[in-house]
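There are 4 protein chains.
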Amino acid sequence: MAEKRIGILTSGGDCAGLNAALRAVVHRAIRNYGWRVFGIRDGSLGLMERPLDYVEFDLSLVTGDMLRLGGTILGTINKGDPFAYPMPDGSVKDRSQDFVDGYKELGIEALIVIGGDGSMRILNNLCRKGGIPMVGIPKTIDNDVAHTDYAIGFATALNVAGEAIDRLAPTAASHHRVMILEVMGRDVGHIAINAGIAGGADVVLIPEIPYTLEAIARKIEEVSAEGRNHALLVVAEGCKTETGQAVTTVQTGGENRYGGIGQYLAARLEKMVEAETRVTVLGHVQRGGMPSMRDRIIASAFGVYAVDLIAQGKLGRMVAWQHGQVTDVPITDVAGLTRAIDPYGTLAQTARGLGIYIGEM
Amino acid sequence: MAEKRIGILTSGGDCAGLNAALRAVVHRAIRNYGWRVFGIRDGSLGLMERPLDYVEFDLSLVTGDMLRLGGTILGTINKGDPFAYPMPDGSVKDRSQDFVDGYKELGIEALIVIGGDGSMRILNNLCRKGGIPMVGIPKTIDNDVAHTDYAIGFATALNVAGEAIDRLAPTAASHHRVMILEVMGRDVGHIAINAGIAGGADVVLIPEIPYTLEAIARKIEEVSAEGRNHALLVVAEGCKTETGQAVTTVQTGGENRYGGIGQYLAARLEKMVEAETRVTVLGHVQRGGMPSMRDRIIASAFGVYAVDLIAQGKLGRMVAWQHGQVTDVPITDVAGLTRAIDPYGTLAQTARGLGIYIGEM
Amino acid sequence: MAEKRIGILTSGGDCAGLNAALRAVVHRAIRNYGWRVFGIRDGSLGLMERPLDYVEFDLSLVTGDMLRLGGTILGTINKGDPFAYPMPDGSVKDRSQDFVDGYKELGIEALIVIGGDGSMRILNNLCRKGGIPMVGIPKTIDNDVAHTDYAIGFATALNVAGEAIDRLAPTAASHHRVMILEVMGRDVGHIAINAGIAGGADVVLIPEIPYTLEAIARKIEEVSAEGRNHALLVVAEGCKTETGQAVTTVQTGGENRYGGIGQYLAARLEKMVEAETRVTVLGHVQRGGMPSMRDRIIASAFGVYAVDLIAQGKLGRMVAWQHGQVTDVPITDVAGLTRAIDPYGTLAQTARGLGIYIGEM
Amino acid sequence: MAEKRIGILTSGGDCAGLNAALRAVVHRAIRNYGWRVFGIRDGSLGLMERPLDYVEFDLSLVTGDMLRLGGTILGTINKGDPFAYPMPDGSVKDRSQDFVDGYKELGIEALIVIGGDGSMRILNNLCRKGGIPMVGIPKTIDNDVAHTDYAIGFATALNVAGEAIDRLAPTAASHHRVMILEVMGRDVGHIAINAGIAGGADVVLIPEIPYTLEAIARKIEEVSAEGRNHALLVVAEGCKTETGQAVTTVQTGGENRYGGIGQYLAARLEKMVEAETRVTVLGHVQRGGMPSMRDRIIASAFGVYAVDLIAQGKLGRMVAWQHGQVTDVPITDVAGLTRAIDPYGTLAQTARGLGIYIGEM
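Chains as they are written, first to last, in the UniProt record's numbering: chain A, 1 to 361; chain B, 1 to 361; chain C, 1 to 361; chain D, 1 to 361.
Please note: incorrect hints may appear among the correct ones.
Copies of the same chain are indistinguishable here, so a pair counts whether it falls within one copy or spans any two.
What the hints assert, rightly or not - Restricting the straight-line Cα-Cα distance to at most 25 Å, the calculated cross-link-like pairs of lysine to any residue (SDA-like) are: (1) K314 to G345; (2) K219 to I30; (3) K93 to L61; (4) K240 to G259; (5) K271 to G259.
Hint data in this document are derived by calculation from the structure and do not stem from the laboratory.
This is chain A alone, in the form it adopts within the complex (with noise of 0.2 Å):
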């Protein structure tokens, strides 16, 4: 076979795993089949800069420490979206056909994208574009890729939102306070139920299943009233107050994070419930840091059988996880679909056998 040239790239936010599913993809295309492998910076902005910003991946690439490293050595930006990309002069332009053109230039026959549904659906309609063959790998801690059970990054921030709740569940028993975690899910409750039921909460909140406070007061009440004196309650920061109000922000250093819904659940409840409430925002650490073993060998399948999918010209597909196997399932299945809590399934049923108020249907 000739030299056989591909390209990969990690887009969206970053989280652990990232760099174990390059080192995979490196390994297997390498030494297996003897291609070469060009890794592109800053998600679709390496192919869209002139001149192109990559690297050329070798051996020294598939070390363990690769496994260990947390984020993506390739970078990752969004300036935002290619086919409507925001000029310095505040204008808007569709930059696709530099994408196409770059990859053009780089002279590669296949493409690897690491991303999450977001940047799943861009790339799969600027590779369209292009005619450019693309396999996906999904990542997201969000873990809100349909067709899959699981995506990179959301083993390890569910590690990082339980250990939270480890370390608040002393201090709320010490204080007698009722305790929130806010963590993130934008759009699903993946990570706050999971972390809910692991930990030990006493209410969790998602976005895919509506609340009322005085449910949760009267919860921390029945709490109360067996003889524990703090509660614990983790929400979503996607979550919206009671009546499906997006809650107003307190815009700086250019985030909305603060004075979110977890900020908006302390200053009501306090009023409700006779306790002391106390917010923990957690934020970027769940993004980041040394993934669990659990995402690096889902990364670590993931990037070997994406190889495995180009060598047998198998194209326009996205690795998944379903069943305890690696699968494949066309991109265009999972473009614009979000997979959701089930309010009946396994996580809501064992959360409302252990007593959890999940909010009713």
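Given chain A, work out where chains B, C and D should sit, using these hints.
Chains B, C and D alone, transformed into the frame defined by chain A:
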């Protein structure tokens, strides 16, 4: 509903997550159904002894601390199969009727058994003899219970083994050594292959796949030729010699752990490759300690669901994790089967794709 | 010896290692001296309330689990200074005599107080008023108690802060961001400077040393000029603006945590450097959770030694860690003093030596 | 100042924090003083071999990742004392002149040696022979270097040992077993006694204090009489039998680790107490892996200070940690001394105060 009484016991080797399962059972049975729950001490022994050895659980057990506590507060001691119980005088006696009588004396209506495949088989036979309605919850760090993707304890054991590789990798590199890590896995290699992938091993030996010393030595030399001056080998304790012989072990401290397969491989390989070789036998640290988030979630889901099975009159079932959901299977389907690593499944293919030598079929 | 009775209480904010100290006191007092030990609930409150709120400890407390449990099983609640206690009707009342009367009612002969500098001062005044023999054990995650190198809780808090930087560093690198981590430290920067050195920060701001925004911006640009596209800034919550103003904070949830100095710096720096800036406020996770090995050792040493002081009739002393050994100092020497970071000591010089900007004297 | 050139090497067994020290040296020497820094590979070997084996460091080394990376990127291999070097033909040769010549060939003006007491002694002799200005940085997980409270690597090793006890405690309790943990410590018991206190051991055996098997058995029975059905024993690998005999070990894998003192105690105690006994030999995991925050701080402080000593012309000194500050002592004061556990110091008295049996003087 009249006040139902159920019993629960933990049987076989301990692991992380057992208390989380007990907590979930207590929560669901007492809070949701208003039942009484009796914890039987030391596996089947608590029902065989007179007076009966048990504790009645109440809601004080359902604190978050139980989620975080390793081992089992009920204890688990293996003095032998009740059908062929070793007596102090050296004789063997069928004491199964003691168990059945104890069950009746306790006056419970169903029994939840948390155990591995061996315990599940014996307890199922005891329950059939006594007409005892039983529900099983699978636990074993080896993860070899049939028909369930996960048993309680595996996820934590994998983390411990993976962290050990994380610690051994830099010292192997610093000293240019071949490091051998012997992990648990009597009949199967779930811990070994998962930890090996997650930790970046070069060689993983599991009982399911034969190997040759020559191929291992060749792999070590390949690694060396690529410029890496060290190698990591993970081996499941149940692996045999390359010719299929069980490794003769040094009997000390009542245990045949030392002088096992790890030592054997070190002694043989040191003559074949030019490198210092060191062995670490991970041992009991894999069993105990604070459960991982995943083990807490699985254990909680299993505990809630097991109680629901009793409430629904679905008996003779084992709770199982399949396709990311809790479900149940007939206990009789599980007995005598072992869930092995598929030599051509995702894990084995991923390992091969990363260049790990895992033996040859 | 007649059966001596002593009391113990934990006062002020909770932290990791308090239970390890309680365990050591119980162990030493009951097992070695045959005394009785009474744990007083919720700081000074347990002696002020009628009926008295306390528990008698026995040896069941001295399990290893107590070493690993965060927070304090005695509880600690701050409703106010007993000398100026806020009453439900809004008035303020001197309730110090309630405390003294409670002490006498309990019939104990000495009191061990585990607390920070504030608690140590108030409790010392209470004890002087009542002629109560007192021994102090220093605890505070801020590590600012005078005359002791370590207070219980600091070592664990440092680990939590350091791990947060470990998690933020890769996401900062992946997204080319300036990451700001706000850690605890109202008056002193022990956590900030230690975590900043351990985690590889570029800038560390502590209340002890003034800084300028220009110098911070310059440091970030220097880092960027060297080819690193991200920077890490650690700031103690007690830092003021560059002109020495306290940061006006958004009051929500009964707490003025958000909108603090971290937010302030982010808002200012984002206008000065060309980089996205993100803030993480670590908050209460620094308080709780399983104590580090070091905190367990220090707490155990303090607990044993405090009991020995009472046995020797050395009262009015605070246990202290100096030069790697336990010793004791007069409580009166501690009150009103704060142990600050020496601007020319080992930590500050090390930080400067690593190129960290820590402000200018 | 003309461009000064210095060399640095790591010698002896690896440990966590070595790379953090290298990073600090590079940072200080290059960034602050504008020197050139040459890393010599594999201890003294890099200067003895021709061609010289070394790497010139630049600022790319001073990333935060180096803080987190275990082991030493310079490598460390012990082929023997250069003054009595074992040659391939079996003879022994004085190769010290090779080292001195190599030093001159490299053209450096001073040498920083990171090593334990053995390395410090040999390297000091080499440097005296060659008139080489040397500064030492102490490292050893055993923490037995004289005149310094801490050596690099100890804090991390203690954490690993303490976590192992945390994991063994629940499985000991579940199975009613006596668990023996053998930790590193050839001549001293720093890891053993610290981990034993932190983990809640019942017995701690260290080389500094003799013991009797009868007293150990009595302690186990006492614990049992108090209602606890399990016990934890921590032993330093360097402990001898109760009669002072070195334990004859099984030689396998080129290492005399197995069949050591832990196995010996298990075999003897199982005959004396009615309890199953299990041994865990912790081994090499104590060496490697990500350094603790404390080790990173100490290593950073040592590295900066060592460079400052050279800048000040203070040579023949070893950097030391005393009373919470970095200082320096003459290397000649350190050679031949061992920093042992004081049998009546804080640690020993704390252990006794917690009821731990630590032998009898």
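Structure-based check of each hint:
Taking the shortest Cα distances, K314 and G345 sit within 25 Å of each other only across copies (19 Å), while inside one copy they are farther apart (33 Å). Proximity of K219 and I30 under a CA criterion of 25 Å is satisfied inter-copy only: 17 Å between copies versus 57 Å inside one chain copy. When the C-alpha separation of K93 and L61 is checked against a cutoff of 25 Å, the pair qualifies neither within a copy, at 36 Å, nor between copies, at 40 Å. Both within a single protomer and between protomers do K240 and G259 lie at most 25 Å apart by alpha-carbon distance, with minima of 13 Å and 21 Å respectively.
In the homo-oligomer, the alpha carbons of K271 and G259 lie at most 25 Å apart both inside one protomer (17 Å) and across protomers (22 Å), since each shortest distance falls under that limit.
Checked against the numbered hints above, the structure breaks only hint 3 and satisfies the rest.
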